[in-house]
Every structure is written in structure tokens, then in C-alpha cells.
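On the provided structure of chain A, position chains B and C as indicated by the hints.
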Amino acid sequence: MSSPALYRVQEEVPEGVAYRGHRFDNPSSCFSWMVATVHGCQCGPHVAIGRTRNIRRKEELMKLRNLGVLGAAGMLAITAAVPAFAQSPASMGTLKIGIELPLSGASVANGEPTKNGILLAIKQANEAGGVGGYTLVDNTQDDAKDGVPNPEQGAANMATLVADEAVVGVVGPFNSGVARFEIPVSNAAGLAQCSPANTGVDLTKEGSEAYRPEKPDQRNYFRVATPDDIQGPAAAALAYNDAGARNIFVVDDTTAFGVGVGDSFSAAFIELGGTIAGRQGNDYAENQDFNPMLTALGGNFDSVFFAGTQTLGGGQIRKQMGQQDILDKPLIGPDGIADLQAGGNEGAFITLAGVENSGNVWGTTAGINEIPDPEAFKVAYSAEFGQDPGAYSALAYACAQILIQSIDAAVAAGATDMAGIREGVRANVFSGAEFTTVLGPLSIDANGDSSQKFISFWKTDPTLNEGKGGWVFVRQQDFGGAAPAASTAP
Amino acid sequence: MLDDTLVATLTAQFFNGLTIGGIYALIALGYTMVYGIIELINFAHGELFMVGAFVSFSVLTGFGFAGPITDPVTLTWVLAVAFVLTMLLLGVLGISIERFAYRPLRNAPRLAPLITAIGVSFILQNLISAIYGGSSKPTPQVFPFAWRFEILGATIPWITVFIFVVTVILTVSLSQFIARSRMGRAMRSTAQDREAAQLMGVNINVTIALTFFIGSALAGAAGIVYGLNYGTINFTMGFSAGLIAFTAAVLGGIGNITGAVLGGFIIGFIQVIAAQLGYSRWTDAVVFSVLIIVLVFRPSGLLGQQVGERA
Amino acid sequence: MTARAALPSSPGLRQRLDALGTRHRSLTIILGMALVTALLPLIATLPPFSGFNKQIVWIDNFASAGVFILLALGLNVVVGMAGLLDLGYAAFFAIGAYAYAYGSSTFTDLSVPFWIMLPIGAVVAAIFGILLGAPTLRLRGDYLAIVTLGFGEIVPVVFRNASQWTNGTQGIAGIRRPAIPGVDCGSGGPLCFGAGSPLPYYIVMAILITTVLIVLYRLQDSRLGRSWQAIREDELAAASNGINTVTTKLLAFALGASVAGFAGVFSASKFINVTPEQFGFNVSFTVLAMVVLGGIGNMWGVAIGAFIIYMINSVLLKQLNAFFDTFRVPILSDIDFVQYQYLLYGLLLVAMMLTRPEGLFPNRRRAAELHVTDEPPGADVEGPDPSGPLGRGGT
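Chains as they are written, first to last, in our numbering: chain A, 1 to 490; chain B, 1001 to 1311; chain C, 2001 to 2395.
Derived from the structure by calculation, the hints contain no laboratory data.
The reader is advised that the hints may include incorrect statements.
Derived SDA-like pairs (lysine to any residue); straight-line CA-CA distance at most 25 Å [unchecked claim]:
| hint | chain 1 | residue 1 | chain 2 | residue 2 |
| --- | --- | --- | --- | --- |
| 1 | A | K215 | C | R2356 |
| 2 | A | K205 | C | F2107 |
| 3 | A | K205 | C | N2167 |
| 4 | A | K215 | C | G2189 |
| 5 | C | K2054 | A | G420 |
| 6 | A | K329 | B | S1058 |
| 7 | A | K468 | B | A1066 |
| 8 | C | K2054 | A | N139 |
| 9 | A | K468 | B | V1059 |
| 10 | A | K468 | B | Y1132 |
| 11 | A | K215 | C | G2196 |
| 12 | A | K215 | C | R2177 |
| 13 | A | K329 | B | T1005 |
| 14 | A | K205 | A | A446 |
| 15 | A | K215 | C | L2199 |
| 16 | C | K2054 | A | E165 |
| 17 | A | K205 | C | W2165 |
| 18 | C | K2054 | A | T135 |
| 19 | A | K215 | C | W2165 |
| 20 | A | K468 | B | G1153 |
| 21 | A | K329 | B | G1278 |
| 22 | A | K215 | C | C2185 |
| 23 | A | K329 | B | R1281 |
| 24 | A | K468 | B | R1281 |
| 25 | A | K468 | B | A1146 |
| 26 | A | K329 | B | L1277 |
| 27 | A | K329 | B | A1154 |
| 28 | A | K329 | B | G1067 |
| 29 | A | K215 | C | I2180 |
| 30 | A | K215 | C | D2109 |
| 31 | A | K215 | C | C2192 |
| 32 | C | K2054 | A | V137 |
Covered by chain B, according to a simulated footprint, are these stretches of chain C (three or more residues, beta-carbon under 8 Å) [as the list claims (entries may be wrong)]:
| hint | region |
| --- | --- |
| 33 | 2131 to 2143 |
| 34 | 2150 to 2164 |
| 35 | 2285 to 2293 |
| 36 | 2343 to 2355 |
Heads up, the beta-carbon is just placed ideally off N, CA and C, and yes, glycines get one too.
With the rest of the complex left out, here is chain A (with noise of 0.2 Å):
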């Protein structure tokens, strides 16, 4: 068997040469391979050299199960060899970003994409001739296990990470669950922590000293996503202002994300005067049939609010409304639905939803609209990793920008050790400091949360992007202070 002319996909990590690659036949399955693994990289010819792929692959699998049954712990000393020849001691000119996401199994899909966002942000920062003088690294952890994210996986993890001396920052992790668990760890070593997507209100308001016990009165941990007393009521305003919707069937998806802000839009809801007509929740693991509860309401219902995410249920609970044609009642649903992806994408609402069923679907993103470029960020990511941002991507980036003006700001401050840069990026994120970052300016406040509380409202349009479907801006909402009232729609 000649070897053919291969395709392969390669990407280049900052310290230089290593890529992962993998063969393909052809160009196009190449990009598909690249596409649906949501991988930063390019396609590019490469010649095979010695014998065919096949037997290559065999023997490295056959190499990796020798490799696995001779002995874990004589692999766990070579693994151990790692860093003594990959970590210089704390290098002067070296600083490095933590990541912490899931990384592997299910979770791939929402965590490469946010990953990529934090290398984005790095990438660019060096460019620009580094932070302060220094380069930027990153170290990434999986807290995937099983391919289920896994909180003690990640405590296990931040440990890594605050013993490295190099990390001054880290950017994760991507479930309020595995949070709970890192916070204490992050907390006693005084590293700061930057969230892109946990939403738990108890990480940082009331109820947030439980993480803290070690140094209750220091703060370290803040995000950029809108927590869920904030989304719910947000949502609810969409549902009931925008979408006309008064009796609202809420159904979560069994996470804590889904049933915090399920919680929080029923209450909300309520309050603008609407009424919920059932509550159920639906672990998408276990059953993807949406129909039963949807028939159970006996069409006593006029919308939907899917408390989740588009891969947990979103995308299926339209489609399966399209199925019952009732596409007339309008979806509604936080972050976690609208990803402002065009349908086509890997993964997308829309792609999931059907472009036929994805009319009348309405979301909800954190961040103001009128950010000075919103298009920049979107083509850089493209040019860099070749597809679309995901979801989380932007609000990832946000996290590493602010981390990066911190360390800037500490090391004109004059911190010149590791400890003290690391001490000055938290003690810059705390002081109020204003950054500018893709979601719009804003300053983190005293407990960590964003001060950015402008909500923009998003309704689907399947008429955009050649008839593949898109999301357009409806408009947005400051839900800084009290709580919203029913306000007319513009």
C-alpha cells in the first residue's frame, strides 16, 4: 500500500515547536475532524513517511497498552521526569495564566472553546511584547473525570496550580459545582480566580464566607458571568416584555446552574405579574424525551423556559416543540441557550434546535452590546482556531484580559518576585480598578462580581446566515440595583 499525500493538523503552543497532529486522507476531512473536535489549528500537507497509517495506529496503541500494564508506577516516576526537564526554575521572564475547565469527555464541547478564548488573550498579550516585561504561559488542568467535570479533580488541580509559583492568575472553572471545591483552595493561597461561567450566587454574595474559611476577609475569587439573581430576573423581563409570555412552563436541566436560575426566573416571573403553568426538570443524561412533560401541560401553557444549557436539552426541547407544532410558543432561556452561534456550527442552538424549529427562541447574554468592536474579537478567534467562538469564549477572554492588565498594573506597582506579582494582581482586581475588555468596560466588586450588569436580549432569526439561522440584538438592560420592573418593550 502506497503512502498517500496526508493532510495534517497542527497547532503551535508559545514555547515552540510541539503539534498534535492528526492524518487525514483529504483536505475536507481534515477540516471536519478539526471542526467537530474543536480544535486551534490549521490543515496543512504533510507527507507520510514509512509504513501506512494503520499500522502505525496499531502499534501506537499497542505501544500505549504495553506501556499502561508494565507497571503504573514506574510510569508515574518517567511522568514525574516531566517538569524537571520542562520547568526552569522560576524563569524571569516567564509568567504563567492558570486554566482549569473540563477538558475531556462530554465536556469538550463547552471547554475547548472557552480554553481557546484564554490562549487567544495569551497569544495576543505576547505579541504586544509581553506583561510587564514578561512572557505569558499558560498551564492548563482537565478537571474532567470520566468525562464528567469533577470537583475533587479540581481542588486537586488548583493545588497544582497555586503550588506552581510561575501562576499568577487562573481562568476557570466552568461549573459552580467544582468551584465550591476550588475556592478554599485559591482562597488560602491568595491566587486569584477568575470565573467565565460560574453562575451560583453563593460563590460570591451570601453564603460565600462557607469558601473562604482560611482568609475570610480576603478576596480572590470573581467572574465575569452574570449570576443567577441576576439572569433570572433577567430572563423573566425578556419572557414577559419581549416574548409575551404569561404562563410560563419552566423546565431545568438538574444542574445547579439549571435549577438556580430556574429558581430565580420563577420568582422573578411571578413578580412582574406572570404565572408559571408546571415545573420540571430533566436530566438530559438519562432521558432526552421531552415529550411526556410537554404533553402533560395539556397545552396549558403559552412558553417555555428552558433553565440549561443548548447541549443539556435546549436544542431538543425546540426541536421536540416543533414535532408537537406548537413552535408558536416562544422559547426563552438564559446564557446557556443563546450562543449566538449561526446554525451550521458544531454544536450550536440552532444546529441542535433545526433551523425549521428555531424561530421565536429568545436568550439572554452578559455583556452590553455596544462594545467598540464587536467584531474583533469574533475574526481574530477565526483566523486563530478556525471556527466560530463558542459560547464562553468571549467571557473567558474577558477573564485573561483582566488578569493580564492586573499583572501589568502590579508589576508597575513594583512586585518583581513571583509571590508579590501574584499578590498584586489580586490585590489590582479587588481595588476597583476599571478594565476594558471585550464585554465593555468594568471593575469587579467587592465581592467579586462583575460591575458590568448590562443584559443584552437576543431573538432568533432563521432567515440569517443563508437561511442557516442566526441571532439578532433586541436590545439591553442595566439590572444594576433593584430589581426590574415590568418595563414596556422599546
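Here is chains B and C on its own, set in the frame of chain A:
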């Protein structure tokens, strides 16, 4: 208080139960057959269901179909080809797994193949996610949902009936095959007493391989039907479905074909009733509680034979 | 009858050490564990390991691995000693953890000291062990497995949904760390338990494991242990010989669950949080894999197996990318291992089962049972001419 809306709702729920139950029944059949013959809880079986869904996705998209097919003749041909291809491929996959992962452990204590089965489950999940990507995929729903009929005030899509009919046909064919054919007799005798069957001239390896072939093909059929009905597939969908199907098989009496189907429908209806009453959140707990209660009173399952302890 | 069954000529060093160890078993365990506990952190400072992570992170990992070692030891009682296939073991882990959360957190405003909650948690878990084991008494083999699996699913679902009592998906936070009475921890110190100071946790875990090992070894050699062995081998025969299978089985569940209770209390005190997502089927399965791969029935084998698998899952598989990047292995550098973690783990499991189904450190008898085509264990002993008519016989 039996007003029209309630009747319509309950009718619709009944058909929902048929759909969900049918899919579980098809998966449970494979579980029960494999268990009946080599007493192995094949935890990888749920992944076969998942692979079947992906294979049928590839088959249908490979032939260029993306949406409903309205011409009944074309539709029949397309479905026939999809079913045959997918079931064949899945059967072959099942035989390979048995050959390489389970056969060497046939004489090992029960736990070893259990661990292997879960290892195979991880492997299959990862392979599919490597090939197709980690996100959920929309599948071509070639059976049009627009085809509906009215009954007792509810509008039911014909696909529900289609799924039920497929389940019934496959179950009946299977039980006839086992009852009447020579290979079926071989399977029954191997299940009863492997050494004696061997002495009687039954080729054990072939018989077991055939059992796996049929079981995996049925899981594949469940996968196709799932893709047609729900339109979204994901590499994580197999494990949970497999567990529930296994529960269904045990509920009906493991090793018993009719029991597996009965168990599947019972669990399907439990899910629907839970949703109707507003307790979807608790479905899992309810299903397992029902199982435990049934097993307390009938330790061999609903239709299982009360086999005494063998020496 | 062959003349091959010759006695060993004189006890070698190995046999003498074995005999000594058996006679003074508890002492051996204490000494052995003390040695291991002292050595591990020192090994962690040696060149290969020290480059990987600081000693303090290693100690933290060891303490977390200890939780799984305890779980594996407990499951070994149920599955290995008594032969009851339990697929829902994580339920008892959850019960122990939540018991501590109720006993000592800001959620309930109680403050029962950790040292008292340890036995309380174990007792609560044992009670549930009996409750959840009771329905399984009449079931054979795999029916028992599915029922335990069922309980393993029901318990986390209840914790997740009964928000009034369990705080639902958010879990319970603000759990109090252990404190040594008389030591003031206002400003930290070596005896204080904290996120940044895992050494006290490590020592406590070592003591827990030692205690559990001593107790379990005693049980194994006791009448109860022999009853377990009997029902594992042949329940009908055991019952005919007067063994009360009901109490024997329930005791197996209870004792196995109580060890999980210890693990749960410790885990809750270390992470100061409990959430329902910690206790899914993957945990039950991982512990089962640890027991099987370590060598069912062999306690120290199971403990080592648990440690190794934990290190593989949490450390090795996650660092493969960095490893191959550094060493520039030509083909393997190109593969993103984080994505393929579970493929590798699955391959490892399958490969282990195909090559060594009895586990890494098996009971000798079981190993013999599983390798029936290999030489029988006495074959290497000096005996009559192996090529003669009475030599190499048997399968």
C-alpha cells in the same frame, strides 16, 4: 373529571410511553439474550445502541438524506437499506467485541468480564467522539412527523406506531427464531447447560457469536429508531440507556425474551407517568425503586423462572 | 496421587518472614504503614517526583488517594470476602459524607468534632448498609448487582432533589475542618488542618487506613471471615452447614459500608463541601475496578491497586500531553492525550483483564484457578522425574 383535554392528554402520553418503551425493549432484548447465554452483564451494550445511532446517521447522510422523505416508496426503500446495513454492521461489531474481549474470559470469575465490558464501553465512547466529534449531532429524520392521525382528541405522529411495529416484528421474529430454528435450539441448550450442549455437538463459539450478532443488531435497530424519532445523537447517550434497558431486562426476568420487552414497556410507561404527574426529576429513583420492590417479591423478575440454587 | 507433593525442604527467608508477619499481624501492619507513611513524602522530594510537583501537592494527592484506598478496602469486604457483587457502593460514601456535613457545618449550625463524627458516620453508613442490603438477601448473583446499582442511583438522586433537607444540587458547604483539641489554630501551624496544609490530613488518613487494615485482617481470620468465605464459595452448602446467611450477608454490607462511612467523613472534612455529583456510578465503578485490578480478596493488593489506579486516573492520564511534549516522541507527540484519556483507560482495563484477570496481587489460589492451562503451583518443587508417567499431569 374525565374531560376531553384530559383524555387527549392521556392518549398522547400512552403513545409516548409506547415509543420510549419500544426503544428500551429493543435494547433490553440484546442484554437479556447475552446474559441468558453466557451470564455476562454486558455494560458495553448501551454503547452498541449509541454506535448504531451514529452508523445509521452516517448511512443516511452518506446517501444524501437530510430531512423528511415524503414519498412512501422511497421512504420504505431508504429505511430498509438503513436498517439492514446498520444492523449488519452492528452485528459484526458485536461479534468482534465478543471474540476479542469476552471469549478469553469465558472461564474467568464474573467480575473480570464486567470490568472488561466497561473498558470496552469507554473505548467505544472515545472512538465515536474522536470520529464524529464531541457535540451532539442532528440526525436526518427521514420519517416525516407531518404524517399524523387523530385518536380520542389527540394528534399522534405515525412514527410512534412505526416504532411499535418495528419492536413487535423484531421481538416476534426473534422468539420464533429461538423457538423453531436449529440455531435457536442451540442457543437455548447453551443457555441451559453449556457443557451438555457441547457434548451434544453444539458449536459453542458459533452459537455465542450468533447471540451477540443478534443482540447487537437489535441494539442497532434501537439506535436507528432513536435517531429517526429524536433527531439528536451524542456519544454519551448509550451508557444511561443501557443501564435502564438492563434494568428492564432484569425487571422482566433476565434471560426471558418476553420479559425484556415487558420490562422495557413498563419502564417507558413509568417515565411517562412520572412526567404526567410532574415528577420527571425523580424518574430514575422511581424506576429503580419499582425494580427493587418487584425483586423483593419475585426475586427472579416478573416472568423469570424461579430457578432453585444449583449445586 | 503423585509423589510430587513433596514438602519444602526447609523454610526460606521469605517463608519465615511470612510466618512472623502472620503471628504478629497487627504489629506488622502498624510498622509497615508507619514506614510507608514516612517514606512516601520523602520519595516525593526526590529528583524525578520533585520536578513534577511540590512535596505539599504530592501529600495532598496522597491524602485524596487514601479516600479511595479506604473505599476499595471496604468494597473488598463485600465483593472480595463475602462474594456479594455490589455495584452501588458510592451510596455509602455519600451517606458518610453527608452525615458529617449534617453533624458539623454552617448548614445545620452543629459542631460535632471530627473525631466523634468519624465513628458516628461509620455507624450511620453501617445502618444504611443493613437497610440497603436487606432487600438483596433473597437474590442471587446478578440480581443482587442490579439492586445495589439501583440503590447507588437512588441515593444521589434523593440528595440532589430533596432540596429542603440536603440543599439540592448546591450541596452543603461550610463544613468544619478537623481540629486537634488543645491546639490553637488562629494563625496556622503544622498541626492545623487547612487547604494549604495537607500534612495533618495525610497523617490522619494513614492512621485510618492502618486501623481499618488491622480490623479487617482480624475479621478475615475470625469466624465471621470464614463464614463470608463459605457463602462466597457456595451459599447453599454454607447454609446447610449451619451458617446464618442472613446475618453474615448483612454484616458484610454493614462493615463494608462503615468503611465507606469513614472515607465519606474524611472526604467531607477535607474538601469542606459535599455535592451530589461526587457520588455517581462512575465512583462505584472506579472502586470496583480498583478491587478487581488490585486482586480481589487480597487486602494489601487492593490497597496498592487503589493507589495505582487513582494515580493513573488523576495524575498520569492528565499529564501525558506534557510528558510526550517534553520527550518529543515522534508519533506520540502529535496526539492530544487529554482527549483520549478514556480510550487509554478503557484499553488499560481490557488489557489488564485479558492478561491478568486475577488482578495485580492476587490470592494464589485464585490465580491458579484462572490460569488453568499453566503449570500447577507445586510443579517447580523437586519431585520425581517430570518426564516420567507421574510427571506433569493435570490441566
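Hints versus structure:
no. : hint               : result
1   : A:K215 <-> C:R2356 : 50 Å, violated
2   : A:K205 <-> C:F2107 : 16 Å, holds
3   : A:K205 <-> C:N2167 : 17 Å, holds
4   : A:K215 <-> C:G2189 : 15 Å, holds
5   : C:K2054 <-> A:G420 : 19 Å, holds
6   : A:K329 <-> B:S1058 : 33 Å, violated
7   : A:K468 <-> B:A1066 : 14 Å, holds
8   : C:K2054 <-> A:N139 : 15 Å, holds
9   : A:K468 <-> B:V1059 : 23 Å, holds
10  : A:K468 <-> B:Y1132 : 21 Å, holds
11  : A:K215 <-> C:G2196 : 11 Å, holds
12  : A:K215 <-> C:R2177 : 14 Å, holds
13  : A:K329 <-> B:T1005 : 19 Å, holds
14  : A:K205 <-> A:A446  : 10 Å, holds
15  : A:K215 <-> C:L2199 : 19 Å, holds
16  : C:K2054 <-> A:E165 : 10 Å, holds
17  : A:K205 <-> C:W2165 : 22 Å, holds
18  : C:K2054 <-> A:T135 : 23 Å, holds
19  : A:K215 <-> C:W2165 : 29 Å, violated
20  : A:K468 <-> B:G1153 : 35 Å, violated
21  : A:K329 <-> B:G1278 : 20 Å, holds
22  : A:K215 <-> C:C2185 : 13 Å, holds
23  : A:K329 <-> B:R1281 : 23 Å, holds
24  : A:K468 <-> B:R1281 : 34 Å, violated
25  : A:K468 <-> B:A1146 : 22 Å, holds
26  : A:K329 <-> B:L1277 : 22 Å, holds
27  : A:K329 <-> B:A1154 : 18 Å, holds
28  : A:K329 <-> B:G1067 : 23 Å, holds
29  : A:K215 <-> C:I2180 : 20 Å, holds
30  : A:K215 <-> C:D2109 : 20 Å, holds
31  : A:K215 <-> C:C2192 : 14 Å, holds
32  : C:K2054 <-> A:V137 : 20 Å, holds
33  : 2131 to 2143       : holds (count 7)
34  : 2150 to 2164       : holds (count 7)
35  : 2285 to 2293       : holds (count 5)
36  : 2343 to 2355       : holds (count 10)
Of the numbered hints given earlier, the model fails hints 1, 6, 19, 20, 24; all others are met.
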